[in-house]
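Visitor: Keeping their order, the protein sequence lines are chains L and D. Start counting the first sequence at 7; every next residue gets the next number (the working numbering). Start counting the second sequence at 7; every next residue gets the next number (the working numbering).
The set of hints was computed from the structure by calculation and includes no laboratory data. On a predicted model such as this, the values are computed, not experimentally measured, just so you know. There could be a bad hint or two in this list.
Unchecked claim - Straight-line alpha carbon distances no greater than 30 Å define the calculated DSS-like cross-link-like pairs of lysine-lysine that follow: (1) L:256 <-> L:244; (2) L:445 <-> D:445; (3) L:669 <-> D:616; (4) D:37 <-> L:414.
There are 2 protein chains.
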Amino acid sequence: MLNLDSMFYPKSIALVGASPDEKKLGSIVLKNIIDSGFNGEIFPLNLTATSILGLDTYKDYEDLPSIPDLALIAIPAEFVLDVLEKIIQKGTKNVVIFSAGFKEAGSEGLALEQKLSEIIKKNSTDDATKINVLGPNCLGFVNNLFPLNVTFSQPVNKKGNLRFISQSGAIASSVFDWAEYNEVGFSEFITLGNKTDLNENNILQYFYENDISSLTQEEGSSGLVPIGMYLESIIDGKEFINISKKISAKNPLFLLKPGKSSESKKAMQSHTGSIAGEDYVLDVALKKAGIIRCDGIEDFFDLAKVFAWEKIPKGKNIAIISNAGGPAVLSSDFVAEEGLQLVRFDDETRNELETHLPRAASILNPVDVLGDALAERYESAIKTLIVDDDVHSLLIILTPQVMTQIEKTAEMIGRLSFEYGKPIICSFMGGSHIAKGEKVLNKFKIPSFRYPERAVKAIAKMCQWGEYRNAINTNSETQTLESESDFFEQKQNQGSDSAEIISSILTTDRKNLDSFEANQILEAYGINTPSTKKCESIDNAKSFVQENNFPVVLKISSPQMLHKSDEGGVIAGIDNNEKLDESFDRLKKIIDGMGDSSINAIQIQKQVTKGLELIIGSKKDLVFGNVLMFGAGGVLANLIEDRNLGLIPLNKVEVITLIKNSKVNKLIEGYRGEKGFESEKLVDLILKFQKMINSNPEISEADINPVILNDDGIWAVDGKMILI
Amino acid sequence: MLNLDSMFYPKSIALVGASPDEKKLGSIVLKNIIDSGFNGEIFPLNLTATSILGLDTYKDYEDLPSIPDLALIAIPAEFVLDVLEKIIQKGTKNVVIFSAGFKEAGSEGLALEQKLSEIIKKNSTDDATKINVLGPNCLGFVNNLFPLNVTFSQPVNKKGNLRFISQSGAIASSVFDWAEYNEVGFSEFITLGNKTDLNENNILQYFYENDISSLTQEEGSSGLVPIGMYLESIIDGKEFINISKKISAKNPLFLLKPGKSSESKKAMQSHTGSIAGEDYVLDVALKKAGIIRCDGIEDFFDLAKVFAWEKIPKGKNIAIISNAGGPAVLSSDFVAEEGLQLVRFDDETRNELETHLPRAASILNPVDVLGDALAERYESAIKTLIVDDDVHSLLIILTPQVMTQIEKTAEMIGRLSFEYGKPIICSFMGGSHIAKGEKVLNKFKIPSFRYPERAVKAIAKMCQWGEYRNAINTNSETQTLESESDFFEQKQNQGSDSAEIISSILTTDRKNLDSFEANQILEAYGINTPSTKKCESIDNAKSFVQENNFPVVLKISSPQMLHKSDEGGVIAGIDNNEKLDESFDRLKKIIDGMGDSSINAIQIQKQVTKGLELIIGSKKDLVFGNVLMFGAGGVLANLIEDRNLGLIPLNKVEVITLIKNSKVNKLIEGYRGEKGFESEKLVDLILKFQKMINSNPEISEADINPVILNDDGIWAVDGKMILI
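Isolated chain L (complex conformation) (with noise of 0.2 Å):
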């Protein structure tokens, strides 16, 4: 376990590549320090000025009086690796390496960043030994409960309860000018930049053993310690979703990432009905480990103030209060959007909001306490709703009108506030007027959002992890735990043979296994495949069918054509000797056409009844590891999109959730008078589909498609599999 406890809170900090022109990283790092109020020993390191901004400088880090717990690298990429040699050999054991130049800057700076985890790597032979570097390529961290800054950012020192990961520098200097813009604090601010040694898991698993909540929580704010995350990737999925969950269970932790709409995009225009494009994956990986998703850059920051100041909602059921129709009427559009509900106020509620109001307000949910609405009445209708048990969150509409006291009125929802503890988001809606409620409300942490539809949203999402806190803090999570271990331990049991045809394959160079070889596999799994054979000649396929009856389906077996039916290798419906002879011969003379001796067989198979067609698939995802998708197969694949995904092992819970969750589902379950299917069978395939899959790692994708569930059973109608 990684101690970075002396990375973020330092006694001693060496750095190198101090400089004393002012407008130099090395300066403005060192100035940051001294201002954030770093009161430990710093040693600046320069080779020719002897004393910069007062401090007394050193030419080498041999040199230095005592060994610093921290080290900082300000110097040209190319004089970063002697002089972390250097550090190394002094002893220090925690590095940030400023630097650009390294992986980001071509094939150069790739070897150069290879050197540097090299020569990290040979220094850490133990966790005592452990090297932790931050870096290299990154602005450095923040901790305001130190405190200490050590970027080369404009300087910030609110304190609060957020804490960030960012890969990105830049990310981190527009959330500092949003944080003082918006009077936001935050605890700490870690910049990942290349993540040559640390990254976001270490960083995670660091905030998950270091509890501050007590530490941080104000008057007004949430309670919570939340944390936002902006990654570009994500280094080991697993470990990732591991941490997370750990953390969400108490905490809420919400993720900006790029490459969510091109990689839809890329996934859509995919026709191959196979697994979906790696985002799709990530959401799956997301949802499990409760993780809150930014759709963009504005979703992070609203995410930052309501997760930072409110406390999370009991439910969904939410209130509008506004001086305006229209915008409530706006809202509660939204409201429906995003899930949530208007609560429908009982009598007793109805009738003290009619006591306190105008005639012409309206006391249905939206409240409208009309356009010319002082404080005093926005104030009676919050304290009825504030009280009403069946409110879960509060969301108070302001329009600047003639009469409307704007920050008389923030004043008073921000005593409410502190004196309820009921979520409260404001939306003072305009620019130059509600701008002076808004500096009130966030003196009392209140959020407010200049659009409506950002509050209902941010609610939305706040609700989002509400719902998985409690259903990971009552009795999922054991029983997942308890159902994967039960899976792990079955998943030898079965599937002997497998071992045995993939590693006959794996000596060829063969990735593709034909449909054969395939349908071998899932029968070793205990997954019906229709009665199959090889035929040499006719006179094999004849008597195949004396044995199974027609109606039988020929198919050339190779390797070669993973899209049968799309190119004639495949002829179904033959129910009769000269069908049967014509059919043979045509695959025969596709096979001579291919011109491959290799291709010596196709193979004659008991044609399923018909029923519902669907697919199941498989694929290794780098991140995440092995995903499973399932869905609607055949021709309504293509048409209805109906691709669900889930990280494998599911337990048994979770799939028959995924099923529940599909378009197709509905023809499962039969519907308008047609008949349903047991989807029972279909549970128990998806089953031993997953241990087939988690048993050899060797297969890097398969996929059953069609599977045909039909009043008899279910079949693996053809299968196919890709190794490693």
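Starting from the structure of chain L, add chain D where the hints point.
Guide: Just chain D, lined up with the frame of chain L:
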């Protein structure tokens, strides 16, 4: 044609309800008129005060020394009608009623408003006597071109090229506050209130006739006169489309209208397979009229700014310049999501960028000028791209890093924008620091958004309008008009039988046509229905089979049974005499059980061979008239949500496009080896169906479900109609 010139450019104004109390509406309005610089005559009316704000007052409207062009009413609702009569008697033709307490305030108010409407109508017998009333329950209007502020809102007087129409006064006050903060000017802002008399169509017509483009264009503005609308209802959909079309051909119209999501929700929940919620219809109508719809208030504000300030991009090619990689990558995502394209720079442009930028910079799109970019480096990148004809718009992203010259960069962007005139949108990301840059950008009329996703979205919507304008200004409009008249001429030649059937039903109190009747009407318009006959007895059925052969379908022909299949009222696949006997008996029993003597017939129908099941329907929309719906039928209908709407009449090209854009089109065209169908037959059937709907205004709803398209032809298997 209305003449609203003396409403919006009055030479004299009377204010009924002028008040000496400066907190009262009647005082604020008066002060606003004076402060706005109005230099015509003003007549304040008040029962007790002799002078208000230095102006002599009058007690009675008839005492006024001359006939005011415009009368303003700011007194309680119950006194409004009397005063209005006096105003009309005096000869004033233009009235603004601020007073609330009309239809928005319950049944008494509604009655009052109806009387108000009667007074207006009674006195408006022709164009010459027409009384124009704005409101009641409105905020009045601002005309910065005059200048004149006839509202009780915060004064605003920055002149600009934007025009606004708002049903809500509160939205107006938010727009005013937003405009002040963002330094955005506008020409007219007209609030509609309850729209007893003047509505959006009147104001749009007025805007259309009053070309103000030469009066409002300043250096740096878009050269357009954009119109922003906030509407909660649309009075006359067809007129709205007509006038909007004329405007959109020259200037952008953008609309914010509530009801979007809640309506969509309702629509999604409806499982009738029938026409979707009204909001979908609105989308179709807006598309036809070239109106850009806003997804929320933020969108509304964003579009106001870009349409006012930036020229419309020539196409979808966007180039991004950023001093930070993260936001640039995120923006690329949004570019894809919004359907824009990142330009691929040619060699010349890449070389030019390479010459001016540091080696570590990215010269691909997005261009990364690196975190230490000063204004100069931004400038050389912009100068290179702004002259590249492949670049249609530029997005400049700036994060406030330590070296960043925020204001200087903004100033430089402004200068280049003036010089080259190519659309530039900025995203300066952050809060306090970047605000200074925004101020500079505002001066140069460069829109800047704190989140790049907003900028990308705004550019996409500019392009959306640009495409509409280009299309309408080439030839598509004339084509449409020709085909429409064509359409109406032909419609009389067919369907003479239908009038008879319908009128005979209208004499009863039935509204639902039975399928026998519906089929007769369909046939009258040349739509094929399978041979059918009503059978009093099993003998009738048998003689039908002798003529038409098996297989046949038996149905209960009853207007009481709209969902025959669900109620066991349809038996298909009858292919022998035994089944025929049995089925006939079964239906007979159901009919007997229904105990309705009027049901005396079972319908026998030739069963249509298998084919593609489609649905075609229509429904009268209260605002936009008859709406056509086309999509997948049968089981697919409910799985793939394939509802494609158009406003009747669609010309042939529009019908083809409707089909092409449907999801089921994949199956019509045939794919993955399956063969397709002849879509001409489908187009023809839809045109005939439209004629039927258009010629029979008594039909409120109609649908054919399924329409079966197969190799033999196209068949309306089951028609339903509901009369008004």
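Visitor: With reference to the structure, classify each hint as holding or not holding.
Guide: Structure-based check of each hint:
Taking the CA atoms of residue 256 (chain L) and residue 244 (chain L), the gap is about 19 Å. The hint holds against a cut of 30 Å. Between residue 445 (chain L) and residue 445 (chain D) the alpha-carbon distance is near 19 Å, which keeps this suggested pair within the 30 Å criterion. Straight-line distance between C-alpha atoms of residue 669 (chain L) and residue 616 (chain D) comes to about 25 Å, which keeps the hinted pair within the 30 Å bound. For the suggested pair residue 37 (chain D) and residue 414 (chain L), the alpha carbons sit about 25 Å apart, so the restraint of at most 30 Å is met.
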